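Same order as they appear, the protein sequences are chains A and B.
Using this note's numbering, read the first sequence as starting at 1 and increasing by one per residue.
Using this note's numbering, read the second sequence as starting at 1001 and increasing by one per residue.
Please keep in mind that the hints were generated in silico from the structure rather than gathered at the bench.
Please read all numbers here as calculations on a predicted model, not as lab measurements.
Treat the hints with care, since some could be wrong.
Over 10 Å on every C-beta distance to chain B, these chain A residues come out as not near it, computed from the model [said to hold, decoys possible]:
1. G233
2. L248
3. Q303
4. Q306
5. R312
6. E385
Taking lysine to any residue pairs in the SDA-like style, the calculated list, with each CA pair at most 20 Å apart, reads [said to hold, decoys possible]:
7. K1290/B x K694/A
8. K290/A x V1112/B
9. K351/A x L392/A
10. K694/A x H603/A
11. K1330/B x V1112/B
12. K290/A x M1311/B
13. K334/A x T261/A
14. K639/A x K694/A
15. K1290/B x P310/A
16. K123/A x L420/A
17. K1334/B x D1131/B
18. K1169/B x P1310/B
19. K51/A x E289/A
20. K1056/B x K1614/B
21. K1614/B x D1655/B
22. K1614/B x M1583/B
23. K1090/B x P1111/B
24. K649/A x K334/A
25. K1322/B x L1126/B
26. K290/A x T1316/B
27. K290/A x L124/A
28. K1056/B x K1040/B
29. K56/A x M386/A
30. K290/A x N127/A
31. K1514/B x D302/A
32. K290/A x L1226/B
33. K1290/B x Q303/A
34. K514/A x E1103/B
35. K1514/B x Q303/A
36. K1143/B x D1131/B
Think of the CB as a built atom: it goes at the ideal place given N, C-alpha and C, for glycine as much as any other residue.
Protein chains: 2
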Amino acid sequence: MKNKILAMAASALLLSACNKPAGNEVDKVVEIGEPTLFTKANDEAQRNVEKTFLSKVSGESLYKYHDMLASVPHVAGSVGDWQVIDSMAKAFEEMGLEVEVHEFWALLPTPVAASLEITSPDKLTLNLFQDVIEGDEYTNNAKVEFGYNGYSGSGTVESEIVYVNRGTKADFDHLKEMGISLEGKIAFARYGGNYRGYKAKFAEEAGAIGLLIFTDPADTGYAVALPYPEGPGDTSTSMQWGSLLTGLYEGDPLTPGYPATEDAERLDPADVVGLPKIPVQPISWGAAEKIMSRMTGEAIRDQSWQGGLPMRYRLTGGPDLKVKLMVDQKWEIKKSASVLGTLRGSQEPEKKIIIGSHHDAWIYGAIDPTAGTISVMETARIASEMAKEGILPKRSLVFAGWGAEEEGLIGSTEWVEANLDDLKQNAVAYINLDAAAQGPYLSASGSPSIQRAVVNAASRISHGDGSLLEHWLNGRDENAGGLTRPRFGNMGGGSDHTAFIALAAVPALGLNGKGDARGVAHSFYDNLNWYRQNVGSDYESAQMITNIVGVTAYALANSDLIDLDIGRYVNDTKMHLESLSGMKLSKEFLTLNEGQKTAADFHPIMEALARFQKATAPLLAGLDATKMSAEEISSWNKKIMAMEDLWLKPDGLPDRPFYQNMFGATDGNAGYAAWMLPNIRWAIEYQDNDYLNKVIPIYVSIFDDMTKVAQGD
Amino acid sequence: MKNKILAMAASALLLSACNKPAGNEVDKVVEIGEPTLFTKANDEAQRNVEKTFLSKVSGESLYKYHDMLASVPHVAGSVGDWQVIDSMAKAFEEMGLEVEVHEFWALLPTPVAASLEITSPDKLTLNLFQDVIEGDEYTNNAKVEFGYNGYSGSGTVESEIVYVNRGTKADFDHLKEMGISLEGKIAFARYGGNYRGYKAKFAEEAGAIGLLIFTDPADTGYAVALPYPEGPGDTSTSMQWGSLLTGLYEGDPLTPGYPATEDAERLDPADVVGLPKIPVQPISWGAAEKIMSRMTGEAIRDQSWQGGLPMRYRLTGGPDLKVKLMVDQKWEIKKSASVLGTLRGSQEPEKKIIIGSHHDAWIYGAIDPTAGTISVMETARIASEMAKEGILPKRSLVFAGWGAEEEGLIGSTEWVEANLDDLKQNAVAYINLDAAAQGPYLSASGSPSIQRAVVNAASRISHGDGSLLEHWLNGRDENAGGLTRPRFGNMGGGSDHTAFIALAAVPALGLNGKGDARGVAHSFYDNLNWYRQNVGSDYESAQMITNIVGVTAYALANSDLIDLDIGRYVNDTKMHLESLSGMKLSKEFLTLNEGQKTAADFHPIMEALARFQKATAPLLAGLDATKMSAEEISSWNKKIMAMEDLWLKPDGLPDRPFYQNMFGATDGNAGYAAWMLPNIRWAIEYQDNDYLNKVIPIYVSIFDDMTKVAQGD
């Protein structure tokens, strides 16, 4: 994944310190009753399907897939990348799946050279390579490059430095308030708090001529864990590779909104919004300490800017400290591919449940992404075996290994763009597993309509002394006590579900097994040796993930009535409206709206929601496949699929046309989090009252249209 | 003070992180109306008294007193101590006050020698001296000893080490649960979280043969401030001196409960509970880092055990790491003294308001205690000047500089023990100023009945563009918005108010000016150079403290009706009962009480409170000096004083007979915090149901007796 670890860790910390959930959104369940989704005969058969699936999940098999997919460095477009693509395709073929190697030609970065020196007050060359670890054969690989950030600008810059904390919008605003200019300076940021692409974007906008991004030991180093190899934490030479691409579209930056085929029309890179011009370099805390210890300027004023290096952090380096950064990076159109294996459904083969995880990695990627990709492979293997035994899913199961996710969700986006109409019409759900199996504690993010299916699936899987649902509810979070339904995160950005949601309104689910192992993501040390030492070589977490993926997928594939809980949108929309109501609105924004009850007058939407709920709640709760004809079932299923599509409006967000799903989008300033009801959120963020007044009626129409579809013939 | 800084800092941190007050006690004001305390003529005169006082407060004068009291090292019983005692007595004499040099002969520690070495895996002698700072003449003093903890045991020990975090009860419990034994080991603790005496007590009880206590940079070092001299933070050689005395009594350990006169009968030190037997040594983080970096045992399991040293903290040093500690310390009976200056009241001279701060310090003590003591001197100077101008207080003002506070509140306790009957009968209030003026933000702790007087005083003092009360309410705490009454802390332990409250039930107040300057308390760097550089040489904080002390003291001294808000006990007792009701009770403890509504059935107390409130609320609100005869006023004043004394019960707490005030006591496991309604708290802490059943009726009788006194003739 595009590395969410820090954002999650910070949120967990807040949670445990304050004994209350972070954020304003309280999980209030509106009970609408459970429909009966299976006919009687199919219901019994389904219990056997699940039992069979669960009996075949194998730690040994997962271990082998891990070896297959994470033994060589395989960044997108490289020789290693094609080795992995070929292995995956071959494995799917051997399983008997219908295989598609979906090639794309995308703008990809290749590091050529980089160097970093302190040139004043003394001369010192800083190390941009990670240490070889004795006993970890994977780190003993001369082919592994220095650390780099994909899509960095090229060039040599030398200047004073300014510390910008996490490099968020708020951080740059704070510097501006203090009168500290970035103009002509090299920005010195630490990882975490946002997607690194925004650090570069904001630094460039502030006038910085270069950017260094260091891994702070407070986040993933000694302050939270013993460093590798003794523990899982980042070492003094750990660096975080990662992309800097931001932009109006996800996917290949030169073919926005359409497939990156070999002969596609392409933009000139110079015309692309979101490709940085300044050189950007990730560095280790070992290197950062050498810079920080030479800073002589004013100390930080906000305690939250302090990190784990053993000194007071400062805002400026002072005039005596000069740093020289050279980055040389090629951006070339290279070929890579996503690999898909389809097990055709026996009754509605055009309908599909897609289960995916990317296969590309910055280096080895034993955690990111392969800790998820192995469960895609294992689910595919078992489903194929079951098919050979005559147990076929009713709808198709599509297994996907996406290419070039790390550079900008490229493989999945290109595939979605190429299959848009089919996905809108036929994709029941997308399950994403990027880097999933990292520990014993299950966690999930999901579109509202998919949550019921996975919760019910968990209740039918044994785990330890009870069910997986009980394990999930108990979780690691000591405050979980009393929950009767697991909490789901919102679907934010940073992984391959994005295009499915944004362009095709496919309900999506992300699953994770979380543990205590921290650090090393996107680094050299994210390899099989680290994984087996710190997560374990028994693959229990990956088995858990495979169990829940398999049972959920078969439920979605086989239920007579499609298991999408459309009524959940009532609850979640209300929750998100409440959260948006709590956002800070400027006085000017309020004044614009004098005729309205509040600046953001959501009453029309609430009323539409109420109409929708009144019209559909009895209908949804009363759904009973055992009492419906095949025709009635088929008719309802069409309606359900059509209702999801109502969230799509082709305009997208004003500044990001890619995000066409009005229920949720990727955060526009930080990149990993979610903006829920994003068109309203956008209006609030940018205090645009005209836009707000324009989109509120559209939300009203979505629910009114849903009501019509539900009630229609 | 016996150094509360860390505990307060941690609590402030929690507050700001969570946007809610720490602890369960919500400040609910029960409004009972304000009485009229002055006759008309006296009310007008009082406004002039206050105006005159405020016009005379001088930063220059405070500066000079600071020089007078903090220019030489002056630990209790030393040559420097007697220099300070003589200067103070001389100053009081020159002011024309009645001077008492109250001598006492107490067991006091003298460091002879100390050394600390790593003996395995390599040999390294660790530094126990603090660095001389260029430009800070005070640090260039060869007479200053190595750092030490007063009342350390003497001896040489060599062993493996075990990290015990803050050395709290909970920390030692955590180690026991993990099966990590301290038996025969040297405990390695960091400062903060409790009074260091308890670190030593618990370490010794756990079988440790020695204890090292280090200053963690996470608390007062680079993690929170630039180190001195560039900023206020602790340097790599900062050490925290401090006493280790715990025990059944405060004051001189050899004369528990009675004055330590020259010829008093004395206990054998071997028979005293609370004098450690093991050697204990404070160390800097520079020395601690050398030890911590050689530890090879298991890493900490609880993230809150991590500090600011640049490595993962570990629980054990492992068998290869051996540390050798030698401490040689003499405990001798030495003479020191408290210095008191009395300005006799013009009308009720036997009644007194006492304003005190200790004068002794571990080294220079420019912050602790002198940042408070200078305001005692300044208030005394101004009051004397006013007396010469004919403005005399109606009741006496007693100005006190206490001796040997740092070793165990010795001077103040010995004076209270020597004047017990008079204080019970005649002391209206005690105002304590230990280390008070450290910054611009006013904060206070106080007995319930004294809070109204200081709040009203603050409302009558100009400060910046408004009143001091407004400044106080706005405070530093960004969550303060909406408060209409400042929050008061409970009177805990660790300074000279303790004996006044515990033995004589004198309502007490503690005032502080807080700022951002962190660190160096109880160290070599707590000197005039540090203070003037980091707090300022304008003495604005000390002027603010003097202003509020003076106006409060004159209000207490001059009001016709004594300004003790006895009705406030209703509100605060309820609040503390609510807090105690929320404490964790064991199942066994609950079972013992089947006949009762809850384990801690406070209903009888609540009913007595209700009776008291019903009987006195109209009476208290209706008090009006303008309508009362002199005899009525005098009669009411006797009642008020008598009511306060009802909190005293001579048994004290079961294990600490010193604490005879049933409203509040010093925390019994941590030493700085407060136990409110301590006899109930004790019963809950030790799950002693019989004791609980015994003390509840006593609390009932206190309020019933107050009702009787209020209603009596």
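Verification of the supplied hints:
Non-interface status of G233/A relative to chain B is broken: a Cβ of that chain comes within 10 Å, the nearest being about 7 Å off. Non-interface call for L248/A relative to chain B: holds, since the shortest CB-CB distance, roughly 37 Å, exceeds 10 Å. For Q303/A, the condition that its CB be more than 10 Å from all CB atoms of chain B is violated, with the nearest at approximately 7 Å. For Q306/A, the shortest C-beta to C-beta distance to chain B comes to about 6 Å, within the 10 Å cut-off, and the non-interface label is violated.
With a cut of 10 Å on Cβ distances, R312/A falls inside the contact zone with chain B, its closest approach being about 5 Å. Its beta-carbon lying about 42 Å from the closest one in chain B, E385/A satisfies the requirement of being farther than 10 Å from that chain. For the hint pairing K1290/B with K694/A, the CA-to-CA distance comes to about 65 Å; that exceeds 20 Å, so the pair is violated. For the proposed pair K290/A and V1112/B, the alpha carbon gap of about 41 Å is over 20 Å, so the pair is violated.
In summary, the hint linking K351/A to L392/A is supported, as the alpha carbons are separated by about 14 Å, within the 20 Å threshold. A C-alpha spacing of about 15 Å is found between K694/A and H603/A, which places the hinted pair at or below 20 Å, so the restraint holds. A threshold of 20 Å between alpha carbons decides the hint, and for K1330/B with V1112/B the separation of about 7 Å falls inside it, so the pair holds. Proximity of K290/A to M1311/B is assessed by CA-CA distance (about 17 Å); at most 20 Å being required, the pair is judged to hold.
Distance hint between K334/A and T261/A is fulfilled; the C-alpha atoms sit about 11 Å from each other, no more than 20 Å. With a CA separation close to 27 Å, the supplied pair K639/A and K694/A exceeds the 20 Å bound. A hinted pair counts as satisfied when its Cα atoms are at most 20 Å apart, and K1290/B with P310/A qualifies at roughly 14 Å. The hinted pair formed by K123/A and L420/A fails the criterion: a straight-line CA distance of about 55 Å is larger than 20 Å.
Between K1334/B and D1131/B the CA atoms are separated by roughly 30 Å; this puts the pair beyond 20 Å, and the hint is violated. For the hint linking K1169/B to P1310/B, the alpha-carbon distance of about 26 Å lies beyond 20 Å, and the restraint is violated. Distance restraint check for K51/A and E289/A: the Cα-Cα separation of roughly 54 Å exceeds the 20 Å cut-off, and the hinted pair is therefore not satisfied. For a cut-off of 20 Å, the pair hint linking K1056/B to K1614/B is broken: about 44 Å separates their Cα positions.
The straight-line distance between the Cα atoms of K1614/B and D1655/B is roughly 36 Å, outside the 20 Å bound, and the hint therefore fails. In summary, the hint linking K1614/B to M1583/B is not supported, as the alpha carbons are separated by about 29 Å, beyond the 20 Å threshold. Among the hinted pairs, K1090/B with P1111/B is inconsistent with the structure: their alpha-carbon atoms are about 30 Å apart, more than 20 Å. This hinted pair does not check out: K649/A and K334/A have alpha carbons roughly 32 Å apart, beyond 20 Å.
The suggested pairing of K1322/B with L1126/B holds, with an alpha-carbon distance near 13 Å, which does not exceed 20 Å. The suggested pairing of K290/A with T1316/B is violated, with an alpha-carbon distance near 30 Å, which exceeds 20 Å. Proposed proximity of K290/A and L124/A is supported: the alpha carbons are some 9 Å apart, at most 20 Å. With a C-alpha separation of about 25 Å, the suggested pairing of K1056/B with K1040/B is violated against the 20 Å cut-off.
Distance check on the hinted pair: K56/A and M386/A sit about 9 Å apart at the alpha-carbon level, within 20 Å; holds. Straight-line distance between C-alpha atoms of K290/A and N127/A comes to about 10 Å, which keeps the hinted pair within the 20 Å bound. Under the criterion of a C-alpha separation no larger than 20 Å, the hint pairing K1514/B with D302/A is consistent with the structure, at around 18 Å. Taken as a hint, the K290/A and L1226/B pair is honoured in the structure, with Cα atoms around 17 Å apart against an allowance of 20 Å.
Pair hint K1290/B plus Q303/A does not hold up; C-alpha atoms about 27 Å apart against a cutoff of 20 Å. With a C-alpha separation of about 65 Å, the suggested pair K514/A and E1103/B falls outside the 20 Å cut-off, and the hint is violated. About 17 Å separates the Cα atoms of K1514/B and Q303/A, which keeps this hinted pair within 20 Å; it holds. Taken as a hint, the K1143/B and D1131/B pair is honoured in the structure, with Cα atoms around 14 Å apart against an allowance of 20 Å.
Of the numbered hints listed earlier, those contradicted by the structure are 1, 3, 4, 5, 7, 8, 14, 16, 17, 18, 19, 20, 21, 22, 23, 24, 26, 28, 33, 34.
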